[in-house]
Amino acid sequence: MSFVFKMGKVPGVVSSLVQDMRRVMAPYTADNLREKRKNTLKDFVHVGAPLGVTHFIFFTNTEAGTNLKIARIPRGPTLSFKVTKYSLMRQMHLVVKRPVDASQALKSKPLVVLNNFTAPDDHIKLMNVTFQNMFPAIDVQTVALSECRRVVLFNYEKETDTVEFRQYVIRAAPLGLSKPVKTIVKAKVPNLNKLEDISEYVLGNGAGIGSASDNQDPEESAKAKAKHEAALALKRQRREEQEANVAKKQEAKEAKKQRKAERKRKREQGEDDEYDETTAKSGGNDDDSELDDVEYYRQEVGEEPDAYMFPDKKKEPKNKKHKVTETKTTAVQKPSEVAASDKKNRFIRPGAKAPKGQVIRQRQPKKK
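Quick note: the sequence shown uses the numbering used here, first residue 32, plus one each step.
Hints are not guaranteed to be accurate.
Quick list of the computed label-pair ranges, beta carbon to beta carbon [to be verified]: (1) Lys138 - Lys40: 30 to 36 angstroms; (2) Gly39 - Ile169: 32 to 38 angstroms; (3) Val174 - Gly39: 23 to 29 angstroms; (4) Ala168 - Val78: 24 to 30 angstroms; (5) Glu299 - Glu94: 31 to 37 angstroms; (6) Pro105 - Tyr199: 30 to 36 angstroms; (7) Glu66 - Lys113: 39 to 45 angstroms; (8) Leu223 - Ala168: 47 to 53 angstroms; (9) Ala168 - Asn146: 15 to 21 angstroms; (10) Glu188 - Gly107: 51 to 57 angstroms; (11) Leu125 - Leu184: 17 to 23 angstroms; (12) Asn224 - Val44: 49 to 55 angstroms; (13) Ala286 - Lys138: 53 to 59 angstroms.
Because the hints were derived from the structure by calculation, they are not lab data.
A virtual CB, placed ideally from N, CA and C, is assigned to each residue, including glycine.
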């Protein structure tokens with residue numbers, strides 16, 4: 032037993048696809064199931080559990096396209112597929128030369144045929160088991176031939192990683208009989224008043240009663256059939272060539288994207304290398320900044336800094352003299368114009384302790 036429904040907002044074509052899918056899953060499905068946009072998966076679980084529903088087949092639609100999910104309830108698993116292309120039953124009736132009325136065939140359970148599901152991969156095995164359990168089992172030894180009215184085919188294409196799902200209607204027809212004999216077997220006896228014997232009708236010499244195809248030579252029929260097969264092969268070859276051209280264009284696009292990404296990666300890597308070289312040339316050392324502080328103190332104060340001001344720096348020999356540079360005087364007050372004791376206190380490193388009896392004056396923040 033299964034439920035086939037749609038979830039959320041879907042176009043009208045997908046709604047028709049849901050109805051066709053219900054006909055495929057017949058007779059063990061809910062034909063008149065009515066769903067709403069606000070229904071959630073839990074709602075269907077609560078309704079389907081008492082009815083013995085084992086599988087959910089539901090369609091959703093997004094900006095990327097139409098999706099199909101097959102869920103085994105209540106504990107899974109769930110298979111998710113993207114619907115790439117599909118044909119409705121009414122579209123197939125327009126294409127087929129002699130459409131078949133499948134109303135009687137849909138009353139019987141289908142035969143399930145799985146092709147190319149023998150790979151050892153786990154997801155292939157899971158699909159194989161799920162597709163088999165979606166339909167009721169058939170005992171080949173006891174099944175009646177009259178019950179085999181349709182076939183459901185699942186074909187897995189390894190190259191494209193796609194699953195083709197098709198349904199076929201089975202018609203039993205006698206083999207090795209001519210068209211006149213088939214007409215008689217079907218209890219459709221034609222008008223034989225112009226014939227002297229039934230053999231004239233069977234042999235096709237019955238004053239135009241037999242059709243032109245019946246009077247045709249076997250060799251001519253074989254030639255016509257061979258021409259028809261050659262035309263089909265040519266169309267198939269052309270289609271394969273078109274698909275090959277599409278594949279080549281796709282490969283060219285992928286190669287172009289890879290080259291573009293490689294150039295971008297090399298360009299970013301080159302910028303990082305330039306940054307490292309610049310950092311190496313500049314030094315990137317905190318010792319240089321501290322040396323600059325010591326030199327700045329000598330220039331501004333005019334004497335050597337005390338040991339507690341820059342404890343990380345080694346004392347330089349006393350005999351080494353430093354040249355004191357003169358500073359230009361401007362209207363703005365400079366550090367050279369402040370008392371020497373204040374200048375010493377201004378350059379005490381943060382966190383360092385001042386000598387006993389000495390008061391460190393902190394700079395007050397500016398008022399806004």
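Now the hints, each set against the structure:
no. : hint                                : result
1   : Lys138 - Lys40: 30 to 36 angstroms  : holds (33 angstroms)
2   : Gly39 - Ile169: 32 to 38 angstroms  : holds (35 angstroms)
3   : Val174 - Gly39: 23 to 29 angstroms  : violated (40 angstroms)
4   : Ala168 - Val78: 24 to 30 angstroms  : holds (25 angstroms)
5   : Glu299 - Glu94: 31 to 37 angstroms  : holds (32 angstroms)
6   : Pro105 - Tyr199: 30 to 36 angstroms : holds (33 angstroms)
7   : Glu66 - Lys113: 39 to 45 angstroms  : violated (21 angstroms)
8   : Leu223 - Ala168: 47 to 53 angstroms : holds (49 angstroms)
9   : Ala168 - Asn146: 15 to 21 angstroms : holds (19 angstroms)
10  : Glu188 - Gly107: 51 to 57 angstroms : violated (26 angstroms)
11  : Leu125 - Leu184: 17 to 23 angstroms : holds (21 angstroms)
12  : Asn224 - Val44: 49 to 55 angstroms  : holds (54 angstroms)
13  : Ala286 - Lys138: 53 to 59 angstroms : holds (54 angstroms)
Comparing the model with each earlier hint shows violations of hints 3, 7 and 10; every other hint is respected.
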